[in-house]
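Protein chains in written order, with our numbering: chain A, 1 to 115; chain B, 1001 to 1545.
Source of the hints: derived by calculation from the structure; they are not laboratory data.
Backbone N, C-alpha and C fix where the C-beta goes; we use that ideal spot for every residue, glycine too.
Any given hint could turn out to be false.
Subject to a maximum C-alpha distance of 16 Å in a straight line, what follows is the list of computed EDC-like cross-link-like pairs (lysine to aspartate or glutamate) [said to hold, decoys possible]:
#, chain 1, residue 1, chain 2, residue 2
1, B, K1539, B, D1506
2, B, K1037, A, E26
3, B, K1539, B, D1513
4, B, K1097, A, E44
5, B, K1215, B, D1506
6, B, K1471, B, D1488
7, B, K1037, A, E35
Stretch-level coverage of chain B by chain A, calculated; a stretch enters the list once three of its residues show a Cβ under 8 Å from a Cβ in chain A [said to hold, decoys possible]:
#, stretch
8, 1193-1206
9, 1475-1486
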Amino acid sequence: MNKAPTVCVLTANRLRDGTVVFLDFEGAWSETLLEAVAARSPDEVRALRDRGTYDAIRNIVVEPYLIEVHETANGLLPIRYRERVRAAGPSVLDDVPGYSHPDPGATHDAHAKAA
Amino acid sequence: MYRYDEFDREFVRQRVAQFRDQVARRLAGELTEDEFKPLRLMNGVYLQLHAYMLRIAVPYGTLNSRQMRKLAHIARTYDRGTGHFTTRQNLQFNWPKLADIPDILGELASVEMHAIQTSGNCIRNVTADHFAGATAEEVADPRPYAEIIRQWSSLHPEFSFLPRKFKVAVTAASRDRAAIRVHDIGLELKRLATGSLGFAVFVGGGQGRTPIIAKCIRDELPEADLLSYLEAVLRIYNLHGRRDNKFKARIKILVHEIGAAAFSAQVEEEWQRIRDSALRLPEHEIGRIRAYFAPPPFEHRPSKASLRPPERNFERWVTRNTHTHKEPGYAIVTISLKPIGGVPGDASAEQMEAIADLAQQYSFDEVRVSHEQNLVLPHVRIEDLRRVHARLQAVGLGEANAGLVTDIIACPGLDYCALANARSIPIAQRISARLAARQDAIGDLKIKISGCINACGHHHVGHIGILGVEKRGEEHYQLLLGGSGAEDAALATIAGPGFGPDGIVDAVAKVVDTYLLLRASANETFLAAYGRLGPAPFKEALYAR
């Protein structure tokens, strides 16, 4: 049985503010996974890895690494739960009965990113 | 409380200036990440799952209102309006920008705070009983000794690169609120046989992937010998602690592998060599530090102030969230940072400012951070309790749940931490919401949740502990029962096969239901019932088909 080819995207944190970023189609670092460029062959994976190393040396990002994703009808979905949380932002619940957010005026990151 | 002297001020000011330069060089590309990482960690700056995180030291959990207002200001100006109080009595900001951190450290320095030694393989922030200086249960205020240890351990040249991080906790009460038996060194201030003050010294406790209860290696240590003895312990550890394997590098592994008796013998030998050195604490120096912690000017108040007219929420809060003060007419107030369904340990800038106001007006300008992720107003007149409660309620902090099942410890978990394997906070939120209606009937029950084996959420010593792990890329939770971090310290044991994120909430509810069904009386706590019944009926409830 053929194993489905692994699809990868390149992620890192932006040096200046630590924001989670993904390498996009245009070679820039995007804050959303939706715009990430996917590597589907060993050569493409190698190219992404090299690009991460290069941009880390150029002090644009820190700690670049590849994550495996599924391609779904709604876009890319990280396989590991950890990477799903990292891509979406904290999953802190605000619909638990009785729960009131400590700072009602704050825009929650997860919701901001999901919007 | 302790106030910086000229040395402290200059030392912190220089460190801020150094780090400002280091950050500028990093952003300019003059330092690589490999070069910069150890420098940022020395200043409490981590790169976490979503962003940088800054961990700020709160020595022995003591803050004044000016410091609390500064934390609120930083939360609002540089973060997203919220701070997170931790199980090490520290505060973490989850969203600072690297470029802003030198300014944040400068702001902290202006109120005598810093982030030094909140990371790295050094002696970390010294923690203490959060009721210190207020509880009638203590023999003396332990904080002067915690401050002496802080001064001794700050940038100690011999102990800045230990095999692994090193944590010290101090208490002065037989009822252990500082969890001293699960620290690298735990100190219990006590009266010695001579009648003088001294310490029982516990060594080699800890949680993480190898949980171990500390061993008492010296039951009577005179106070003058505190630093020489600690230095001897650290020297033996520094010499023999493993540096080849990060997971076996803590002092608990060394003590366990060579045995407490052999470890103690080596410490004693080294101690005899250095005991009469400059490390001997002069009485006048202890007195000088103790003066910083002199009791506030308590007024003579009636020991039984009226709490009338009765009101149910207020009465519940007084019952759960206030404790006996050593001074008649005063009470210790626990401010729960565990609103039902809320994020354990989080406080908004507005809440921090409200607490600062309360501390200034009603608690001699003092706030404490507890390792259970709550805050404490240590010295409140009983007649002011109603006003304090009303103000806390107004800012969403009036929950009467200290020590109850909704007073859950939870590490940041996978929502924030780069090391975590599973989320802790949403599990805590859901358990809190699920059990809130019955919390008074359930009584004392401590749930502690960690999102990985490092055990920052203290799951090993939870009455009910939860450990998040990763199983085939998904979250999975182990359930542990019967632990305690108090004077009856015990490690919880795994109940059986783990659960998914939904199943773990049901599992906790089943354990609680079983306890309520089988307890001998409403006065038998969960831990007592578990001790009497053993794990069998709980396993039956959890796993029987």
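Results of checking the hints against the structure:
1. For a cut-off of 16 Å, the pair hint linking B/K1539 to B/D1506 stands: about 13 Å separates their Cα positions.
2. Distance check on the hinted pair: B/K1037 and A/E26 sit about 30 Å apart at the alpha-carbon level, beyond 16 Å; violated.
3. The straight-line distance between the Cα atoms of B/K1539 and B/D1513 is roughly 12 Å, inside the 16 Å bound, and the hint therefore holds.
4. Annotation: proposed proximity of B/K1097 to A/E44 is violated, straight-line Cα distance about 32 Å (limit 16 Å).
5. Between the alpha carbons of B/K1215 and B/D1506 the distance comes to roughly 36 Å, so the proposed pair goes past 16 Å and is violated.
6. Proximity of B/K1471 to B/D1488 is assessed by CA-CA distance (about 33 Å); at most 16 Å being required, the pair is judged violated.
7. Distance hint between B/K1037 and A/E35 is unfulfilled; the C-alpha atoms sit about 29 Å from each other, more than 16 Å.
8. Counting residues of the stretch 1193-1206 of chain B whose CB lies closer than 8 Å to any CB of chain A gives 0, which falls below the minimum of 3, so the coverage claim is violated.
9. Check on the stretch 1475-1486 of chain B: 1 of its residues sit with their Cβ under 8 Å from a Cβ of chain A, so the three-residue criterion for coverage is violated.
Hint compliance for this structure: hints 2, 4, 5, 6, 7, 8 and 9 are broken, all remaining hints hold.
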